[in-house]
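S.K.: If you want the building blocks of each chain, they are given just below.
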Amino acid sequence: AQRVTQPEKLLSVFKGAPVELKCNYSYSGSPELFWYVQYSRQRLQLLLRHISRESIKGFTADLNKGETSFHLKKPFAQEEDSAMYYCALSSGAGSYQLTFGKGTKLSVIP
Amino acid sequence: EAGVVQSPRYKIIEKKQPVAFWCNPISGHNTLYWYRQNLGQGPELLIRYENEEAVDDSQLPKDRFSAERLKGVDSTLKIQPAELGDSAVYLCASSGNRAGYTFGSGTRLTVV
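Chains as they are written, first to last, in our numbering: chain W, 1 to 110; chain S, 1 to 112.
None of these hints come from the bench; they were simulated from the model.
Wrong hints could be hidden among the right ones.
[Stated by the list, open to error] Derived BS3-like pairs: lysine-lysine, alpha-carbon spacing no greater than 30 Å straight-line:
id	chain 1	residue 1	chain 2	residue 2
1	S	LYS11	W	LYS102
2	W	LYS15	W	LYS57
3	S	LYS15	W	LYS102
4	S	LYS71	W	LYS102
Please construct the entire structure, taking both the sequences and the accompanying hints into account.
M.R.: What follows is the structure in structure tokens.
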């Protein structure tokens, strides 16, 4: 069975401080990992996916298969980063379905 | 582009009443998903459609939940009868050719 664990329900950081949102997963195959974000009163949207190896809004995430982790990082937090962040894992080839973690609420203190 | 459109945005019903949610996916997206998100939790898959075929409905409580996607476009999700524990946000998403998910705004159901 696949599972995604986000150990922190709430993370508060000061503006300009580094941010790390933790995500650990369990999956027997080769996973695809994603981070989704939901800003206040907006819909859930894709932030980044590990296969793209890109940086979106200053955020990066590296898949560590040895530690089965996919932590989300940003060197300097901004107030507009305050949101709910969900880590998700996909299974299956072609059209995929996602298993989500419970989410971490990031609050950036001005 | 309107994105994934869901209606209604909010619904309050009494327990044992029926309720239906509607989803219009992005044009051309063959895959459609219904997720349920309970308070304080991440979304959980209820059912996945490839065109008009339900290819994964293992998490759908079939005694009271039903879904359809006629003509492989719009989809409806129905609950009959609703229970208090069905209160949640019901999310629809669509994807095409591994381009990634696009979620709708969701329907927030409150059963009283």
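S.K.: Taking only the CA atoms, is the gap from LYS11 (chain S) to LYS102 (chain W) under or equal to 30 Å?
M.R.: 24 Å, holds
S.K.: For the pair supplied as a hint, LYS15 (chain W) and LYS57 (chain W), confirm whether the alpha-carbon distance does not exceed 30 Å.
M.R.: 15 Å, holds
S.K.: Is it true that the CA of LYS71 (chain S) sits at most 30 Å from the CA of LYS102 (chain W)?
M.R.: Answer violated: LYS71 (chain S) to LYS102 (chain W) is near 34 Å, above 30 Å.
S.K.: Between the alpha carbons of LYS15 (chain S) and LYS102 (chain W), is the straight-line distance 30 Å or under?
M.R.: 27 Å, holds
Checked against the numbered hints listed earlier, the structure breaks hint 4 alone; every other hint is satisfied.
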